[in-house]
Amino acid sequence: MSPWRLAARRFRRNRPAVRGAAVVLLLALGAVAAPLVTADPLAQPDPVRLQDRPPSLAHPLGTDPFSRDVLSRTLHGARVSLVVGVGAALLAVTLGAGVGLAAGLAGRRTDQLLMRGVDVAIALPRILLLLAVFAVWEDAPAAAVVGLIAATGWFQTSRIVRAAVLSLREADFVVAARAIGAPAAGIVRRHLLPHVAAPVIVSASLDVGNIILLEAGLSYLGLGVRPPTPTWGNMIMDGKDVLLSAPWVALAPGLALVATVVAFNLAADGLRDAFDPRTAA
Amino acid sequence: MLGFVARRLGFAVASVAAVVLITFVLVHAAPGAPMLGSPERTLASPETIARQRALFGLDRPLPEQLLRYAANLARGQLGESFVLHRPVADVLAEALPNTLLLGGVALVASLLLGLVVGATQAARHRSRTDTALGVATLVLYSVPVFWLGLVLLLVFGERLHWLPVSGMTSAGIHDSLSAAGRALDVARHLVLPAASLALVQAAAFARFQRSALVDTLGAAHIRSARAKGLPERAVILRHALRGALAPTITLAGLSVPYFLSGSVLVESIFGWPGLGRVAYDAIFARDYNVITAVALVAGVLVALGNLLADVAVAVADPRVRLSG
Amino acid sequence: MRIGALLAAAALLAGCARGPSASAAGGTLVIATTGDADVLLPPVTSLETGINVSDLLFCRLAELKPGLNTVDDSGFRPVLARSWDHPDSLTIVFHLDPRARWQDGFPVTAADVAFTFRTYVDSAVNAPLAPFLAPIASVAARDSLTVAFRFRRWYPEQLYDATYHMRILPRHLLDTIPAARLATSAFARAPVGDGPYRFTSWRAGAEIAIAADTGWFLGRPGLDRLIWRVTPELPSAVSQLLAGEADAMEVIPSRGQLERVQQSRDVRLVPYPSPFYAGVVFNLRRAPFADRDVRRAIAMAVDRQTVVRSVFGPFADVAVGAVSPMQAVWSDSIRQLPFDTVAAARLLDGRGWRRAAGGLRARDGTPLRFTLLVPTSSQARQQAAVILQDELRRLGVDVRIQPVEFTVMERRTTTGDFDAAFVSRTTDPSPASLLQWWSPGAGANIGGYADPVFESLTAAALRARTRAEAAPRWRSALERLNDEAPAVFLFSPRNEAAVSTRVTGVTIRPDAWLATVAEWRVREPQRAASDRGAARP
Numbered sequence: 001m002s003p004w005r006l007a008a009r010r011f012r013r014n015r016p017a018v019r020g021a022a023v024v025l026l027l028a029l030g031a032v033a034a035p036l037v038t039a040d041p042l043a044q045p046d047p048v049r050l051q052d053r054p055p056s057l058a059h060p061l062g063t064d065p066f067s068r069d070v071l072s073r074t075l076h077g078a079r080v081s082l083v084v085g086v087g088a089a090l091l092a093v094t095l096g097a098g099v100g101l102a103a104g105l106a107g108r109r110t111d112q113l114l115m116r117g118v119d120v121a122i123a124l125p126r127i128l129l130l131l132a133v134f135a136v137w138e139d140a141p142a143a144a145v146v147g148l149i150a151a152t153g154w155f156q157t158s159r160i161v162r163a164a165v166l167s168l169r170e171a172d173f174v175v176a177a178r179a180i181g182a183p184a185a186g187i188v189r190r191h192l193l194p195h196v197a198a199p200v201i202v203s204a205s206l207d208v209g210n211i212i213l214l215e216a217g218l219s220y221l222g223l224g225v226r227p228p229t230p231t232w233g234n235m236i237m238d239g240k241d242v243l244l245s246a247p248w249v250a251l252a253p254g255l256a257l258v259a260t261v262v263a264f265n266l267a268a269d270g271l272r273d274a275f276d277p278r279t280a281a
Numbered sequence: 001m002l003g004f005v006a007r008r009l010g011f012a013v014a015s016v017a018a019v020v021l022i023t024f025v026l027v028h029a030a031p032g033a034p035m036l037g038s039p040e041r042t043l044a045s046p047e048t049i050a051r052q053r054a055l056f057g058l059d060r061p062l063p064e065q066l067l068r069y070a071a072n073l074a075r076g077q078l079g080e081s082f083v084l085h086r087p088v089a090d091v092l093a094e095a096l097p098n099t100l101l102l103g104g105v106a107l108v109a110s111l112l113l114g115l116v117v118g119a120t121q122a123a124r125h126r127s128r129t130d131t132a133l134g135v136a137t138l139v140l141y142s143v144p145v146f147w148l149g150l151v152l153l154l155v156f157g158e159r160l161h162w163l164p165v166s167g168m169t170s171a172g173i174h175d176s177l178s179a180a181g182r183a184l185d186v187a188r189h190l191v192l193p194a195a196s197l198a199l200v201q202a203a204a205f206a207r208f209q210r211s212a213l214v215d216t217l218g219a220a221h222i223r224s225a226r227a228k229g230l231p232e233r234a235v236i237l238r239h240a241l242r243g244a245l246a247p248t249i250t251l252a253g254l255s256v257p258y259f260l261s262g263s264v265l266v267e268s269i270f271g272w273p274g275l276g277r278v279a280y281d282a283i284f285a286r287d288y289n290v291i292t293a294v295a296l297v298a299g300v301l302v303a304l305g306n307l308l309a310d311v312a313v314a315v316a317d318p319r320v321r322l323s324g
Numbered sequence: 001m002r003i004g005a006l007l008a009a010a011a012l013l014a015g016c017a018r019g020p021s022a023s024a025a026g027g028t029l030v031i032a033t034t035g036d037a038d039v040l041l042p043p044v045t046s047l048e049t050g051i052n053v054s055d056l057l058f059c060r061l062a063e064l065k066p067g068l069n070t071v072d073d074s075g076f077r078p079v080l081a082r083s084w085d086h087p088d089s090l091t092i093v094f095h096l097d098p099r100a101r102w103q104d105g106f107p108v109t110a111a112d113v114a115f116t117f118r119t120y121v122d123s124a125v126n127a128p129l130a131p132f133l134a135p136i137a138s139v140a141a142r143d144s145l146t147v148a149f150r151f152r153r154w155y156p157e158q159l160y161d162a163t164y165h166m167r168i169l170p171r172h173l174l175d176t177i178p179a180a181r182l183a184t185s186a187f188a189r190a191p192v193g194d195g196p197y198r199f200t201s202w203r204a205g206a207e208i209a210i211a212a213d214t215g216w217f218l219g220r221p222g223l224d225r226l227i228w229r230v231t232p233e234l235p236s237a238v239s240q241l242l243a244g245e246a247d248a249m250e251v252i253p254s255r256g257q258l259e260r261v262q263q264s265r266d267v268r269l270v271p272y273p274s275p276f277y278a279g280v281v282f283n284l285r286r287a288p289f290a291d292r293d294v295r296r297a298i299a300m301a302v303d304r305q306t307v308v309r310s311v312f313g314p315f316a317d318v319a320v321g322a323v324s325p326m327q328a329v330w331s332d333s334i335r336q337l338p339f340d341t342v343a344a345a346r347l348l349d350g351r352g353w354r355r356a357a358g359g360l361r362a363r364d365g366t367p368l369r370f371t372l373l374v375p376t377s378s379q380a381r382q383q384a385a386v387i388l389q390d391e392l393r394r395l396g397v398d399v400r401i402q403p404v405e406f407t408v409m410e411r412r413t414t415t416g417d418f419d420a421a422f423v424s425r426t427t428d429p430s431p432a433s434l435l436q437w438w439s440p441g442a443g444a445n446i447g448g449y450a451d452p453v454f455e456s457l458t459a460a461a462l463r464a465r466t467r468a469e470a471a472p473r474w475r476s477a478l479e480r481l482n483d484e485a486p487a488v489f490l491f492s493p494r495n496e497a498a499v500s501t502r503v504t505g506v507t508i509r510p511d512a513w514l515a516t517v518a519e520w521r522v523r524e525p526q527r528a529a530s531d532r533g534a535a536r537p
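Residue numbers (this note's numbering), protein chains in the order written: chain A, 1 to 281; chain B, 1 to 324; chain C, 1 to 537.
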């Protein structure tokens, strides 16, 4: 059985992981369907009477201080979180894998140069840089948030990939392939990538949860994707002023965040255990 | 070993230099001028603002400003805060100890809690306790630290009135208390913000400790210790934990960025007068010198944390030292 | 209780004035504030808390009485200056009170006054208030207790300009410090003043404490200590107030928090006229705002009552013009544009802006739309902007709301890079502050409004000799502004201070909420731990 099938079977047997993955899928569905199913998250149909209303039939999660429907905004907020979380994680591992591959396959000098750069970059205080950039970049599009979070978070992946590549370089089948003159790209594709794919996938999926929380922190401070576009972070920012009188405004996005990150973490743990049963405990 | 540390130190210095450079360029190239007044009551006319810019040399070209800053830095001068009208060094000197206190207490608390929970889980491997604690750590690990802070504030500060809602000391009373009273006052104010920071990181530590200890507990020398008839607690404490020491230090060192970013969020919620609060205010007021200096300090702290982590790994695994 | 009798015996006076007998005094007032001070030096300090604290540490030559009459001499009360006279139309001579002392024992002299003026206008100090002192040509000490102010021309508010903007500084402590280093000097963070309170301590970002000068020459202040507690988050600040950890807050800006305070039995709301008004200012350099009828139409299409009630409930008033309720010339009988959507539509039709398909108006293919800048720092303005957008859409005008950070809004409005901006103005007691924002060439005239009729009306108002004469002229100027509609003047939030019920004798002067703090008392049986913990001054 191929290692992929094996991993898939182990994943399926892991009940919490499957549940986590199911929630993630559900969330994605909800996020995609949001504009079709719910009201406009920016709409303020009745600014006078609809301010801070508790949950009701018309507004199942109540309304916020700007008289907007909380349920609709929560679902729309999922779009931002998912796009940023998954997008930045994918981009980050792509960047990291690229650098790691280059370092692992290249000559010693290039390898040293790249890895020294990574060592320096790892010490950058990520949150401060992101804060500084987004404080001056008014209303950054989600793409910018994805790009910058990815740009500050690919270092660990590059180390993992480089280590994997290095360990494989001297493996018999690689030496043999080079001996018969197989092109480097082919070697990479056929032998290396499958080997590094597993740790990369695991690394990426473990990252998603953290990135979602990071983006939430940024938008809680009023940075990144700015109001009135709903993100879970800026919904909590709106809700903290009315925490006592209208707790649902901050509670809904907060619970959504926790549920989402838990789901991703469960799925990520499951993936890790599926690829490497030794870590399963 | 010494060579290894020296090399790592070199990286640390290079990182800090990179941090300062990047931050400097970013904030100076940004739109918006340093704020000279509160949002709703700016007394400053455009002429005053223009004069202020000239006085601080902000109308000079960017490379010139950068060189001047670097030269000052080499002399140990961090410049002046535009908004607070005082040397940046003074601002940092007052704020940094408060953040170190908060972060330090939170770090220690999270390490201890994480260790206890992780060890309990490992000892009761695959039992109901293990599962329950596993769920708890997973959920806590997934909570945004600022939301947790708000919830703790709401429950323990507002609703139950058990703990103070904001600040580091009680107004009006603090100075007239005895030394012990003052310490207790600060401690009471420390509980909620430190708990917010610590709980999430404790969950992270617990998850790690659990898997690390489960591995160790299955190892040969542990089995022999059990065979010798030692009580389970002694087995864990004496043998397994010793092996967990180095990785724990590594984790602690690597958690510095988390505590720094958490402090920006938590300090603003709880009004804790620390570096995070200073950074937040400075960024929104475009107080360039303060932002750059905070980036410098943060860079140093992160670099030190990484250094600590690397050294701990090297101590545990000699191969790392050689490949350096 | 003897308290009542003592309080009744105490004369209620404002600010730096005679205080009551010592036995009723005492206690600590903890003030919750969301911002820390910057420095405590009058020419330089710009942040709210810094101004509040230094106002109690340093005195003016004379203080405005609660009526805020800035035109007549009778509107002022002696403080550092015991008396003054006008020997000619360009001079005022102040006679200082010989009892006035700096807190290090030195007397306050005329040389201090002259030094203060030189410092305020020194460009190296870059005092934000310097432009207000432009009409003063010179300040010269005639002898140790006599100082003469010489003005460039005659105008009725000479006394106001001579006394309101400057707080007197100690020459003997500051003249050795170079002007450019004043803001960063040690003195600026631990000042020595001449006011009813002296500086005690400042824990940056946390707390500022000042203590009463019990031997102050105009009488002992009522409270022994004032402590400002910095709590950046507004809900937390209000929580401290409600929990009794703080006693007072200058203003509760958010409706949600106001409702919280209303429900408490330990804290009461004290309303006072606000010095603000907020409105949407048009950039007259940009089409379509160059057209007066378009502006008037927009102003008439907005139901300002609804906007105010929706956003603030009972906690704000509709603005009557470019004037705040604090100013003496405020009156709700000032002529304003009516709310009349029919007339508005007719005006636009008349100017060629016809409704196209979809409801939006256009002229020669150009749609009638603009972008409104709204600062993210003000939730109220964001909410109001949305309602405005809706009402204007019904008129056929497309408004795009752009929330921007405050510093960005500053930059864009000062460089003229905007269509319309939702701004808030803080006014001085003097109606002449109008000119800062609506006079051509004034730096803060962001819309580029230039109107010779308005100029002549304000010039006439500035020449009036008494308030009775000035008031109707200012009113005409304000009505002219309403007619020309360079802005839609929307609301003035009601200022509601929150004060613990254990504090009595509270009155609030609208332009400086702690100006009358000398008469505030803490009730004896309700003295708290913070009062007993007072460090001996």
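Because the hints were derived from the structure by calculation, they are not lab data.
A virtual CB, placed ideally from N, CA and C, is assigned to each residue, including glycine.
Some clues are possibly wrong.
[To be verified] Taking CB as the label site, the calculated pair distances span: (1) C:D104 / B:V13: 27 to 35 Å; (2) A:A171 / B:A6: 55 to 63 Å; (3) C:D303 / A:A58: 24 to 32 Å; (4) C:I177 / A:L90: 57 to 65 Å; (5) C:D483 / A:A28: 54 to 62 Å; (6) C:D303 / A:P60: 27 to 35 Å; (7) B:E158 / C:S138: 51 to 59 Å.
Evaluation of the provided hints:
The hinted range of 27 to 35 Å is not satisfied by D104 of chain C and V13 of chain B, whose Cβ atoms lie roughly 48 Å apart. Checked against the given bound of 55 to 63 Å, the beta carbons of A171 of chain A and A6 of chain B, roughly 34 Å apart, lie outside it. Taking the beta carbon of each, D303 of chain C and A58 of chain A are about 25 Å apart, inside 24 to 32 Å as hinted. Taking the beta carbon of each, I177 of chain C and L90 of chain A are about 59 Å apart, inside 57 to 65 Å as hinted.
With their beta carbons about 57 Å apart, D483 of chain C and A28 of chain A fall inside the hinted range of 54 to 62 Å. Checked against the hint of 27 to 35 Å, the C-beta distance between D303 of chain C and P60 of chain A comes to roughly 31 Å, which is consistent with it. Distance hint check: the CB atoms of E158 of chain B and S138 of chain C are about 57 Å apart, consistent with the given range 51 to 59 Å.
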